[in-house]
Amino acid sequence: MNLFKTQKFYLVIIAFLLFALPFFWLKPGEMDLGGDSSRLYFYDPISYLKNASLYSVVPQGMGAIEPNYYFLPFLIFLIILKFILFNSSYLLISVFSGIKLVLGFLAIYWIVKALSHRKASDFISSCSAILSGLLYIFMPTMTGNWDKALMSHNQVFLNPLMFYLLLRFFITNNYKYLWVLLMASFIFAPNFALTSAPPFFAFYPLAVLFLILYVAVILKKKLSWKGIIVGSFLFLSLQSFHLIPQIISLFDPGSFSNVRVFDKESIAHEGIRYFIGVLPLAKASVNILLSTIVKDFGWLSAVAPLIIILGFLLNRGNLPAGRQGDKIILLTGLFFLTTLFLLTANITDIGVEFYKRLFYIPGFSMFRNFIGQWLFVYSFFYSLLFGFAIFNIFGKLKNRSLIIAITFLIGIVITIPAWPFINGSLVNKVHSGSKNVRIAIKMDPNYIKTLSFIKSLPDDSKILTLPFTDSYYQVIGDLEGGAYIGPSTISYLAGKKDFSGYQIMTAPFSEKFMKLSREKDYNGIKKLLGILNIGYIFHNSDTRIYDDAFPASPYTYMRTSLPSSQNKYSEYIQKIGGSVIFENGPYKVYSVDKNYYLPHFYAAKDLRLDKQELPKIVFRKINPTKYIITISKAKKPYVLVFLEAFHPDWKIFIPDSSLDDSKSTFETLGMKSLSNGSHVLAHDYANAWHIRPDDVGNRQNYTLIAEMTGQRVFYVSLFLSVTIFLVSIVWGIKLFILKQKKLI
Amino acid sequence: MKKQINLKKYLQSGITLLKKNEPVVLTIIFLGILADIFLISGSSDPKIFGILGLYVISIRLYKLRSRLTFIVSLLLLGIMFVEYVFSGPSANTEKAAVWLVFFIAIGIIQQWRE
Numbered sequence: 001m002n003l004f005k006t007q008k009f010y011l012v013i014i015a016f017l018l019f020a021l022p023f024f025w026l027k028p029g030e031m032d033l034g035g036d037s038s039r040l041y042f043y044d045p046i047s048y049l050k051n052a053s054l055y056s057v058v059p060q061g062m063g064a065i066e067p068n069y070y071f072l073p074f075l076i077f078l079i080i081l082k083f084i085l086f087n088s089s090y091l092l093i094s095v096f097s098g099i100k101l102v103l104g105f106l107a108i109y110w111i112v113k114a115l116s117h118r119k120a121s122d123f124i125s126s127c128s129a130i131l132s133g134l135l136y137i138f139m140p141t142m143t144g145n146w147d148k149a150l151m152s153h154n155q156v157f158l159n160p161l162m163f164y165l166l167l168r169f170f171i172t173n174n175y176k177y178l179w180v181l182l183m184a185s186f187i188f189a190p191n192f193a194l195t196s197a198p199p200f201f202a203f204y205p206l207a208v209l210f211l212i213l214y215v216a217v218i219l220k221k222k223l224s225w226k227g228i229i230v231g232s233f234l235f236l237s238l239q240s241f242h243l244i245p246q247i248i249s250l251f252d253p254g255s256f257s258n259v260r261v262f263d264k265e266s267i268a269h270e271g272i273r274y275f276i277g278v279l280p281l282a283k284a285s286v287n288i289l290l291s292t293i294v295k296d297f298g299w300l301s302a303v304a305p306l307i308i309i310l311g312f313l314l315n316r317g318n319l320p321a322g323r324q325g326d327k328i329i330l331l332t333g334l335f336f337l338t339t340l341f342l343l344t345a346n347i348t349d350i351g352v353e354f355y356k357r358l359f360y361i362p363g364f365s366m367f368r369n370f371i372g373q374w375l376f377v378y379s380f381f382y383s384l385l386f387g388f389a390i391f392n393i394f395g396k397l398k399n400r401s402l403i404i405a406i407t408f409l410i411g412i413v414i415t416i417p418a419w420p421f422i423n424g425s426l427v428n429k430v431h432s433g434s435k436n437v438r439i440a441i442k443m444d445p446n447y448i449k450t451l452s453f454i455k456s457l458p459d460d461s462k463i464l465t466l467p468f469t470d471s472y473y474q475v476i477g478d479l480e481g482g483a484y485i486g487p488s489t490i491s492y493l494a495g496k497k498d499f500s501g502y503q504i505m506t507a508p509f510s511e512k513f514m515k516l517s518r519e520k521d522y523n524g525i526k527k528l529l530g531i532l533n534i535g536y537i538f539h540n541s542d543t544r545i546y547d548d549a550f551p552a553s554p555y556t557y558m559r560t561s562l563p564s565s566q567n568k569y570s571e572y573i574q575k576i577g578g579s580v581i582f583e584n585g586p587y588k589v590y591s592v593d594k595n596y597y598l599p600h601f602y603a604a605k606d607l608r609l610d611k612q613e614l615p616k617i618v619f620r621k622i623n624p625t626k627y628i629i630t631i632s633k634a635k636k637p638y639v640l641v642f643l644e645a646f647h648p649d650w651k652i653f654i655p656d657s658s659l660d661d662s663k664s665t666f667e668t669l670g671m672k673s674l675s676n677g678s679h680v681l682a683h684d685y686a687n688a689w690h691i692r693p694d695d696v697g698n699r700q701n702y703t704l705i706a707e708m709t710g711q712r713v714f715y716v717s718l719f720l721s722v723t724i725f726l727v728s729i730v731w732g733i734k735l736f737i738l739k740q741k742k743l744i
Numbered sequence: 001m002k003k004q005i006n007l008k009k010y011l012q013s014g015i016t017l018l019k020k021n022e023p024v025v026l027t028i029i030f031l032g033i034l035a036d037i038f039l040i041s042g043s044s045d046p047k048i049f050g051i052l053g054l055y056v057i058s059i060r061l062y063k064l065r066s067r068l069t070f071i072v073s074l075l076l077l078g079i080m081f082v083e084y085v086f087s088g089p090s091a092n093t094e095k096a097a098v099w100l101v102f103f104i105a106i107g108i109i110q111q112w113r114e
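Taken in order, these protein sequences are the chains called A and B. Quick note: the first sequence, position 348, residue 348 per the working numbering, numbers continuous. Quick note: the second sequence, position 94, residue 94 per the working numbering, numbers continuous.
Chain B with its partners taken away, still in its complex shape (with noise of 0.2 Å):
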């Protein structure tokens, strides 16, 4: 029952913590991207979908419109379309495109909610 409690404790504080640091939650998420795609090599599974869950918990916190999503499938497609001109479709390339395919599938369900 204590430790219950705790837990729901540690989550609200959590969740404040979260909710009074927005600029920087959203600049580790972007970063995160970020280095994914220009710095991390190989499979990176559970950093896509850790920073995407992160991402979706952002949206219903910070309340978040699908206009920022797009924006950022903008700026996904810039970086994959830059990569792609010098380096063809590289572990780069995809990686860019990978997150652009989910900011796209996130921004559609998005916009349909709203």
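Bound conformation, chain A alone (with noise of 0.2 Å):
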């Protein structure tokens, strides 16, 4: 009976059921993988992981480099937990979305509580800090975007979890929450990765500085220096196998992440260029107000601000326990407020001139689209100012059995608006621009077949993917009505590199692909995929991804072009395709022409020299860095041609004798290369080096290795962080068993 009456069997409640939530969402069977950066790794992770998170090589296109290897232990950590699940992705994308959702609202609760607890008031501040999860967990932010999720989006659970482990350590100097903190940020890298940056500046300095006031002002501790600094220490050390090829990658200049950052006029044009384009959506009353989405319970949106502006009034001199703690709602209320500014932008004049400024500091021009970056931060003060108001209010309240019934009551008005969310409408969507195409899948088994064979498809050769999508994305549909829209499922889980889409062929080749198709020259497309590298041709001609069932979007720009229904697709593949393949159900493989067909590694003719013999080439892929390439019959100059985006990275070198596989990682660490003056720019895209036969000794057969040479400092700093996961591991088992056991 006595269970009934604590707080902790309705957390343990709640929490019970934010977890079972997500099953219901979908189907068993069903998943939802699609969006922008999709999530294929739920459905199957260790292909994820061999193609997408161990090389520094994109998967899709034309390889351009862009390091990816900050998923590398969220992955293995997704590889167990399937496991561990029956190997359902069902159960994987549900368990994950429950853990969000009840550590959201936990990480939540717990803060409220330790900085509002007082033991006179401990009933008063469990209500406050149940409230305070439930309004975070339901706001529209974090009932927003489940669906197509980015990595971005574990910020649900991640600032509070993060800023909960901070706050225990600067209280309690207790080292074993700050080993949590560092394991939940190594299993987390994405989310600590430089292409995190935004969520990570915008979230982490303001809750350490609200941190450091904490204990500096207002509880007036000393904080310890020695902790922060080893902390520090062990979280670069963790994360540096990302993060140092990330840096390096930064400084690199015309790398993506350097225009970002450094150019000026990048910073003009994607900045605040960008800054002043979004700047009429951001409105601070729909901000204040946290407008549902549910139309009919409208006012409800008024309750938080309410309670929060009675909370100021109520706070001086009416807690229960005294007055010490008054002054945190003052001190969350003033980060609350900065926040506000920095989502809204749109307070006075001065307000935005001073904004503008800020886009100049290097770096700043990451918080261009600021509504997206700021509105997890803003949601997160917004709810411990709500629970420390609501304390406030409570602590006036003398009678317990109307503290309950408020609970309860405002417990309701904040779950309402969020019911679209509980119900699952808000993840389980239609595609925009579809008709009635939903978002969840279960794979088509033919599908299944058919990717398996792309697997087994030679590396020689990149895939042209048909329909041919205006991004980056693939469409597959389902049995069942859904479809998945996301990055290619061909390059991610075949490994094979594609092109599914306009912005992975890039503009020039995009734009040159839709030419000759709509003026017909079949001959020019053939010598434009041979270029491409482009050995075979996937069709999905099922009409449910196409023709009626999309009439829009991720079609719209290339039906201007290409064939606008599946029975025109199939007749232009045989007018640009060589034969069928292979064939299961809608999904079909076609050679192409090889009479225009380039392979991957070609000698070209010099064209600064007259007659030549071209030598032969046969090569070998190790891995999607490094290749060993035999050439024979090299008895001029010739031009070694490598179908793949031009990096000055790429490098060729030359072993002394002949070899036939890899012999370690760093072979050709000290081992002679071509000069950086013979590596040029092939096709307006690709790698070429010019080689003369004194660069290889003479020789008229041997053995050249070509090698992604970013890809060595991975291993390094690699090898530093798994060294200093190893030490943390041992230091855990010392932190929570061997003291335990002291203490017994």
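Don't read these hints as lab results, they were simulated from the structure. Misleading hints may appear alongside valid ones.
Sample of chain B residues at the chain A side, in silico, Cβ under 10 Å [stated by the list, open to error]: (1) Ser41; (2) Ile48; (3) Ser66; (4) Met80; (5) Ala96.
Calculated lysine-lysine pairs in the DSSO-like style (CA-CA distance at most 27 Å, straight line) [stated by the list, open to error]: (6) B:Lys63 / A:Lys327; (7) B:Lys63 / B:Lys20; (8) A:Lys221 / A:Lys455; (9) A:Lys356 / B:Lys47; (10) A:Lys594 / A:Lys626; (11) A:Lys396 / B:Lys63; (12) A:Lys176 / A:Lys221; (13) A:Lys616 / A:Lys526; (14) A:Lys442 / A:Lys429.
Chain B is nowhere near these chain A residues, computed Cβ spacing over 12 Å in every case [said to hold, decoys possible]: (15) Ala15; (16) Trp110; (17) Leu209; (18) Gly231; (19) Phe336; (20) Phe341; (21) Lys512; (22) Ser541; (23) Leu598; (24) Phe646; (25) Ser678.
For each residue, glycine too, the CB sits at the ideal point set by N, CA and C.
Both chains are sitting in their own frames, so use the hints and assemble them into the complex.
Written out as structure tokens, the structure is:
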């Protein structure tokens, strides 16, 4: 009986309900895998790890260099979790969503409880903390974007969890909290990588500043600088496997991140102009009122700000357990207003001008989409402020039953607007622009067989995926009216580079492809496919992913030049493709006309010379960053062309003796290589090297190694991270097990 | 020297005048806020900061408590909400929201110092 009277009982019930919620969003067997970055790792984490995380070469299109190593620990975590969950992707997605909800709720609960807790008011601090946690998890910010969620969406639980662990560490100086924080940051490394810089820099500097002010000004305690330094060192060492390669990429002139951070033209164009474009959408009133998407309950949106102001009104000297805690609401209020300004920008003309100036700080342009970047941080401080405000209100009430009744009432008021989220309609949506095609899918067995076939194709060629999309998406239908729209499964799961859309082929080639298609210049298309090393065409002729089902996005622009129906696509492929080499249901794989095909590595004539006899080339792929090339009968200078995106870190090494296989990872260290001057751009995108007989010791038959040297940095930094990880594990055993035994 | 004495004199008499007319000054401030929200269109930075400056001076002169500032915030929240219900995030709603933000900020600083 006493159990029902404890706050913990209700806390466990709420946590259980939140955890169970995602299991009802999708039917058993269904998955939501699409979106800009996709969640294909839920479907096949092992293939995703192999194809997208271990190497710096992007598995799609031309094979640009963009290190995504940060996925590594997270994918290993998913592999283990999926194994525990009977290898079910449905269970994995549901459990992961459940963990996000529960940890988000509990972390806010723990923070409010820790910051407002006094022995005399344990009951009211629990009630306030529960309501604060519920408000946080059911805010429109938190209930949106669960479909097609990006990795940054993990902020839902990571922000409050990390804040709570830091808070406990700052207050207690107990290293167990620091250890858990470090391990969580290692597993969720994608959220601490440079690509996650906007959400990271939006939250953590403010969170740390808040905690320092809380400990130093409110608690008047000394901070453990030793702990902070040790923690920072371990954090950076654990993350070094992705941070070091990404920092190097940041200072690589012309790289994507370098241009974003340092290029003034880019700052002006992508920073301020983007900011001005987004500015009209920023509304202070909408942010303050937390306007609900359920129109019938619009009036409920005034409840949270009303409680906050009442909380301020009842703050001073009204706390039942003395006045010690009253400054916490004020401190939180200041951070709430700061984040409200950063989220809204549109607060007076002076405010807007000041905001514009901020974009001249190197790196600040990452906040150009300021609404998206600051929303999570704002929601976090909003919820805390709400919790402390309601704590003050409850402090004025003497009647315990009345507090329980108000807690239930406000709990319902918070929950009602989130009903579309609770019942799953916000998650399992219909694709925008489609005719009732849902985002949840069950993988078509025919497609699984097709992927297996594609996996077995030789590494030499790339694939053209049709129907061609406007961006970098691939569309796959299922048997129950759903469709996957996201990055290519052929690249990320089968490990074969493919061109699935306009952005992947990149503008000059995409435009040319469209122009040639419009003009029905089939020979021109064949030549273009050859230049891009496309050896196969994959056609998904399912009418449910094209034709009437998707009259607009993601094909709007492509329809202006490419076939407008699946039937016309079949005729089109007959004209540009060769013969069908695989067919299973609506999925067909064609080989292209070999007369136009150019291999991954091939020898071309050196235009500076007259008559030439070209050598014979055979190559072997060790991994996406390393190839062994066997050259025979190279009597004259020639050009070695490598049909992957040009990057200065691609080097050709010349071993002294012939090799059949790679001897070691670092075998090319100190090995003679072709000079940088011989490395040139081919076909406006690819790598080529001028090779003269004296470069290779006047041999005619020899071996070369083509290697992406940037990959070595990853191996070294991975070694550092793994070493620190193992040290941390030993430290954790000492902290949690050995010290526990000593106490016993 | 004479000018300085005169300026000081004017300031003192101005402050005395303000001190003697607390209800009038506060009424001007609140009417000014309402006028800015409902009657004046377009950018109103000088008005906003002018009225806020007068309110901050009033806090010092009349020793106003944070309670009053938060009560005004409550009224501004009401205005913003009603405007939002009837006209969505219109210019008037946004102006009320901006006033609300400033009054909460002043209230927090006041309460911290009290």
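**Request:** With a cut-off of 10 Å on the beta carbons, see whether Ser66 (chain B) makes it to chain A.
**Result:** Status holds, d = 7 Å.
**Asked** Does Lys221 (chain A) lie within 27 Å of Lys176 (chain A) when you go C-alpha to C-alpha?
**Response** holds (20 Å)
**Message:** Checking a non-interface call: every C-beta of chain B should be farther than 12 Å from the C-beta of Leu209 (chain A). Is that right?
**Reply:** With a cut-off of 12 Å, Leu209 (chain A) remains clear of chain B, as the shortest Cβ separation is near 16 Å.
**Asked** Quick one, is the Ala96 (chain B) hint okay against chain A at 10 Å, beta carbons?
**Response** holds (7 Å)
**Prompt:** Is the Cα-Cα distance between Lys442 (chain A) and Lys429 (chain A) 27 Å or less?
**Reply:** Between Lys442 (chain A) and Lys429 (chain A) the Cα gap is close to 15 Å, so the pair holds against 27 Å.
**Asked** When you check the alpha-carbon spacing of Lys356 (chain A) and Lys47 (chain B), does it fall within 27 Å?
**Response** Since the Cα atoms of Lys356 (chain A) and Lys47 (chain B) sit roughly 22 Å apart, the hinted pair holds (cutoff 27 Å).
**Prompt:** Going by Cβ atoms, does Phe646 (chain A) stay more than 12 Å from chain B at every point?
**Reply:** holds (48 Å)
**Request:** Could you let me know if the closest chain B CB is still more than 12 Å away from the CB of Phe341 (chain A)?
**Result:** violated (8 Å)
**Prompt:** For the pair supplied as a hint, Lys63 (chain B) and Lys327 (chain A), is the alpha-carbon distance within the 27 Å limit?
**Reply:** holds (21 Å)
**Prompt:** Since Leu598 (chain A) was said not to touch the interface, does its Cβ keep a gap of more than 12 Å from each Cβ of chain B?
**Reply:** holds (56 Å)
**Request:** Could you check that no beta carbon of chain B comes within 12 Å of the beta carbon of Ser541 (chain A)?
**Result:** holds (46 Å)
**Prompt:** Just checking, Ser678 (chain A) versus chain B, shortest CB gap more than 12 Å?
**Reply:** For Ser678 (chain A), whose nearest Cβ neighbour in chain B is about 61 Å away, the distance exceeds 12 Å, so it holds.
Checked against the numbered hints above, the structure violates hints 1, 8, 19 and 20; every other hint is satisfied.
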